[in-house]
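Chains as they are written, first to last, in the working numbering: chain C, 1074 to 1173; chain A, 1074 to 1173; chain E, 1074 to 1173.
Derived by calculation from the structure, the hints in this document are not laboratory data. Among the clues, some could well be false.
Stated by the list, open to error - Here are the simulated distance ranges between beta carbons:
#1 A:Arg1156 with E:Ala1148: 27 to 33 Å
#2 A:Gly1100 with C:Asp1147: 29 to 35 Å
#3 A:Arg1088 with C:Asp1147: 40 to 46 Å
#4 E:His1075 with C:Arg1098: 25 to 31 Å
#5 E:Ala1140 with A:Arg1098: 44 to 50 Å
#6 E:His1076 with A:Arg1098: 36 to 42 Å
Stated by the list, open to error - Chain C side only, calculated, beta carbon under 8 Å to chain E, not exhaustive:
#7 His1076
#8 Leu1095
#9 Leu1099
#10 Gly1103
#11 Trp1104
#12 Pro1108
#13 Arg1113
#14 Arg1115
#15 Val1118
#16 Ile1136
#17 Ser1149
#18 Asp1164
#19 Val1167
#20 Leu1168
#21 Arg1169
Quick reminder that beta carbons are idealized off the backbone N, C-alpha and C, glycines included.
Below, each chain spelled out in residue letters.
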Amino acid sequence: MHHRKRIEIVVERVRADDVTDLLDRLGATGWTILPVLSGRGRRGVRLGGDLSGVLDNVVIVCIASEAVTARVLDASDELLGARPAIVSITDCTVLRADHF
Amino acid sequence: MHHRKRIEIVVERVRADDVTDLLDRLGATGWTILPVLSGRGRRGVRLGGDLSGVLDNVVIVCIASEAVTARVLDASDELLGARPAIVSITDCTVLRADHF
Amino acid sequence: MHHRKRIEIVVERVRADDVTDLLDRLGATGWTILPVLSGRGRRGVRLGGDLSGVLDNVVIVCIASEAVTARVLDASDELLGARPAIVSITDCTVLRADHF
Chain C
1074 MHHRKRIEIV VERVRADDVT DLLDRLGATG WTILPVLSGR GRRGVRLGGD
1124 LSGVLDNVVI VCIASEAVTA RVLDASDELL GARPAIVSIT DCTVLRADHF
Chain A
1074 MHHRKRIEIV VERVRADDVT DLLDRLGATG WTILPVLSGR GRRGVRLGGD
1124 LSGVLDNVVI VCIASEAVTA RVLDASDELL GARPAIVSIT DCTVLRADHF
Chain E
1074 MHHRKRIEIV VERVRADDVT DLLDRLGATG WTILPVLSGR GRRGVRLGGD
1124 LSGVLDNVVI VCIASEAVTA RVLDASDELL GARPAIVSIT DCTVLRADHF
């Protein structure tokens, strides 16, 4: 097993590309985007399922190396430019680092 | 980076409000609700997508301070009253604690 | 609170049963499957929502004991046979181990 960081970013769906483009540019080898039903944050409650989808949030999960994670943190100004509701980072291990 | 807890609660969709109301009352600054396709737990397999949605589960993710997390654990009887399938807690760090 | 492992597996939806069958056989007491909107990995970008759903990924989350987790890792060849995009494992604690 190999140590990695699990970066989890809650962000507006319309700004998700800004985040994944940044992750790509900083060397992330992959990411996964999950839908959100609803949420509450500094800007109040958001319900998913509006017809436009404009207000929907998504969760972006990125398993990244220490080096990539450090670059993401160094680029926090740019990351925060996408106005994420939250950015949390957890230690994890991954199976077959050569594979992923 | 600032230390937080990532609380993850799998619960029936119809009981999600009970959980988020509790989180709000205990001082959580936010939470995110994710849809679930299916699951297996003590009460057997649950498939999502039934027309009523009554049997659907959701995942509630709450990034909370140590203090709020301690209050959630102190209120575990009330939390368990919502009959969560599982409550798991992970250490995490967050970007810009002042922001979130 | 009781120590557990949170196993998170991103895998094609059509292969999710292979993974959950394995988890069941190895003694997991439960798991939850979340839908994925899109993702990028070694095999390029995948967009969800195609009519067939064949290319969709899902996220399987399994909170497991150390013993079950060790068995999953011992069975990594079989697990990798389902061609997961990623398998990550995080330490967590759970509420009421007797309950879950």
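Against the structure, the hints:
The supplied range of 27 to 33 Å is met by Arg1156 of chain A and Ala1148 of chain E, whose beta-carbon atoms lie about 32 Å from each other. At roughly 32 Å, the beta carbons of Gly1100 of chain A and Asp1147 of chain C sit within the given window of 29 to 35 Å. About 42 Å separates the C-beta atoms of Arg1088 of chain A and Asp1147 of chain C, a value consistent with the hinted range of 40 to 46 Å. In this structure the supplied range 25 to 31 Å is violated for His1075 of chain E paired with Arg1098 of chain C, their Cβ-Cβ distance being about 41 Å.
Separation of Ala1140 of chain E from Arg1098 of chain A is about 37 Å and departs from the stated range, judged on CB atoms against 44 to 50 Å. Range check, His1076 of chain E to Arg1098 of chain A: about 28 Å between beta-carbon atoms, so the 36 to 42 Å window is missed. The closest approach between the C-beta of His1076 of chain C and any C-beta of chain E is roughly 11 Å, which is over the 8 Å cut-off, so the hint fails. Among the interface hints, the one on Leu1095 of chain C is violated; its C-beta lies about 13 Å from the nearest C-beta in chain E, farther than the 8 Å criterion.
Annotation: interface hint on Leu1099 of chain C violated; nearest CB of chain E at approximately 13 Å, more than 8 Å. Interface hint status for Gly1103 of chain C: upheld, as the beta-carbon distance to the closest one in chain E is roughly 4 Å, under 8 Å. Interface restraint check: Trp1104 of chain C against chain E, minimum CB-CB distance 6 Å, threshold 8 Å, status holds. Annotation: Pro1108 of chain C was flagged as interfacial toward chain E, and the flag holds, the nearest CB pair being 5 Å apart, inside 8 Å.
Restraint check, Arg1113 of chain C versus chain E: the minimum CB separation of about 20 Å is more than 8 Å; hint violated. At a threshold of 8 Å, the smallest CB-CB gap from Arg1115 of chain C to chain E is about 24 Å, leaving the interface hint violated. Of the supplied interface hints, the one on Val1118 of chain C is violated, with its beta-carbon coming no nearer than about 21 Å to a beta-carbon of chain E, more than 8 Å. For Ile1136 of chain C, the shortest C-beta to C-beta distance to chain E is roughly 5 Å, which falls under 8 Å, so the interface hint holds.
The criterion of a C-beta within 8 Å of any C-beta in chain E is not met by Ser1149 of chain C, whose closest approach is roughly 22 Å, and the hint is violated. For Asp1164 of chain C, the interface hint holds, since its Cβ comes within 8 Å of a Cβ in chain E; the closest pair sits about 7 Å apart. The interface hint given for Val1167 of chain C holds, since its Cβ lies 5 Å from the closest Cβ of chain E, which is under the 8 Å cut-off. Taking 8 Å as the C-beta contact cut-off toward chain E, the hint placing Leu1168 of chain C at the interface holds, the least distance being around 4 Å.
About 7 Å separates the beta-carbon of Arg1169 of chain C from the nearest beta-carbon of chain E, less than 8 Å, and the hint is met.
In summary, the numbered hints that this structure violates are 4, 5, 6, 7, 8, 9, 13, 14, 15, 17.
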